[in-house]
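Novice: Below are the chains, spelled out letter by letter.
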Amino acid sequence: MALPPFQTLLDAHGAAVHRFLVAAVGPADADDCFQEACIAALRAYPELENARNLRAWLLKVAQNKAVDAHRARARRPVPVEHVPERPLNSVSEVPLNGQPLWGRVRELPEKQRMAVFLRSVADLSYADVARALDCSQDAARRNVHEGLKRLREEVHP
Amino acid sequence: MNNGLDRDLAEAAATLPAAGPSPDALRRLAERAQDEGVLDVAYAQVDSPLGPLTVAATGRGVVRVAYPDRTLDSVLEVLSRDISPRVLEAPARLDPIRRELEEYFEGDRQSFTTKIDWALATGTFFRKVLQATARIGYGKVLTYAEVAARAGSPRAVRATGNGLGSNPMPVIVPCHRVVRTGGALGGYTGGIERKEFLLALEGR
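Going down the list, the sequences are from chains B and U. Take the first sequence: its position 36, counted from the start at 1, is 35 in numbering that gives the first Met the number 0, and no numbers get skipped. Take the second sequence: its position 5, counted from the start at 1, is 4 in numbering that gives the first Met the number 0, and no numbers get skipped.
Since the hints were made in silico from the structure, they are not lab data. Treat the hints with care, since some could be wrong.
Said to hold, decoys possible - Taking lysine to aspartate or glutamate and the DMTMM-like style, the derived pairs with C-alpha atoms no more than 25 angstroms apart in a straight line are:
1) Lys-110(B) x Asp-137(B)
2) Lys-139(U) x Asp-116(U)
3) Lys-114(U) x Glu-102(U)
4) Lys-148(B) x Glu-201(U)
5) Lys-139(U) x Asp-81(U)
6) Lys-148(B) x Asp-7(U)
7) Lys-148(B) x Glu-106(B)
8) Lys-114(U) x Glu-201(U)
9) Lys-110(B) x Glu-152(B)
10) Lys-139(U) x Glu-195(U)
11) Lys-148(B) x Glu-109(B)
12) Lys-139(U) x Asp-107(U)
13) Lys-110(B) x Glu-10(U)
14) Lys-110(B) x Glu-195(U)
15) Lys-110(B) x Asp-7(U)
16) Lys-148(B) x Asp-137(B)
17) Lys-148(B) x Glu-195(U)
Computed from a predicted structure; not experimentally measured.
Bound conformation, chain B alone (with noise of 0.2 angstroms):
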């Protein structure tokens, strides 16, 4: 199957990518982030072997990209007014889109993390979970359940 054009690609899926990068990584950053999947997207395009489920391949780009960015964020200070009695190491005491939930999630272990946004974010199969994480399909279906597990511990005891 021949390759579609990349603008077709990102009319067609360009909105879940950004929405589940607003998800991983806050809006502040998504659309750096964005901008950084499409051009390793870009870049490694035309050597794309199978042209099948390319949404599900844009996703794992883009999460590899959102791994990137929480570990540099994990790293970056964060400015405050006061030091706080203990450092702010936690990048879900950053505001996210008034949305304490996101916060919760991206808490999670990174596995657990990224599994629960492309299932609940991105609408992705647990076979395209997997794809996304080079992962088995047990292991995708593990962590979601694993982190949804945890995060009812925490939101609903």
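Chain U: place on chain B using the hints.
Specialist: Just chain U, lined up with the frame of chain B:
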């Protein structure tokens, strides 16, 4: 599972912006893709009295001009298949040719200075026919037989007509300036009314 958390997740997902990246973010993406050398085919829509034209360019020059009778999807698919799938809408990159086309349609320009990429003109004879046609001056006409001769095959008149019928760059490569021996207009890739319009614009 129908519990509080699922509902919370669904509610949180509903607050996410549905519109996707802003037009400005997409514009910056196209610019950056160009700077990083990962944009192979840029395209834009250009308004004209003949309807909105799809104009595409590579790093070498203008590669495609399409009338609106062709769907955008079909035009992009050919570019993706025959040149590169790294196709993006990038209006800024098409600004120079847009300006020249606007001037041409206002009667203020007689020749185009933008470079041409002949990538879609595959086949030696086809390319020679298009290149001979590209040298016909504003307001002048040649017959199909004359173009065939200039392309090096005086007897290939029919092949010349067929080739011009699939000119990938109408207007820029002025196949409207090629007519039948005896003065009949002959066919045109964008329909005969457009050929008449362009010849009238050029004072014929």
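Novice: Work down the list of hints and note, for each, if the structure agrees.
Specialist: To see whether the hints hold, each was checked on the structure:
| no. | hint | verdict |
| --- | --- | --- |
| 1 | Lys-110(B) x Asp-137(B) | 13 angstroms, holds |
| 2 | Lys-139(U) x Asp-116(U) | 24 angstroms, holds |
| 3 | Lys-114(U) x Glu-102(U) | 17 angstroms, holds |
| 4 | Lys-148(B) x Glu-201(U) | 73 angstroms, violated |
| 5 | Lys-139(U) x Asp-81(U) | 32 angstroms, violated |
| 6 | Lys-148(B) x Asp-7(U) | 14 angstroms, holds |
| 7 | Lys-148(B) x Glu-106(B) | 13 angstroms, holds |
| 8 | Lys-114(U) x Glu-201(U) | 22 angstroms, holds |
| 9 | Lys-110(B) x Glu-152(B) | 18 angstroms, holds |
| 10 | Lys-139(U) x Glu-195(U) | 13 angstroms, holds |
| 11 | Lys-148(B) x Glu-109(B) | 15 angstroms, holds |
| 12 | Lys-139(U) x Asp-107(U) | 17 angstroms, holds |
| 13 | Lys-110(B) x Glu-10(U) | 23 angstroms, holds |
| 14 | Lys-110(B) x Glu-195(U) | 64 angstroms, violated |
| 15 | Lys-110(B) x Asp-7(U) | 21 angstroms, holds |
| 16 | Lys-148(B) x Asp-137(B) | 16 angstroms, holds |
| 17 | Lys-148(B) x Glu-195(U) | 71 angstroms, violated |
Violation of the numbered hints given earlier is confined to hints 4, 5, 14, 17; the remaining hints are satisfied by the structure.
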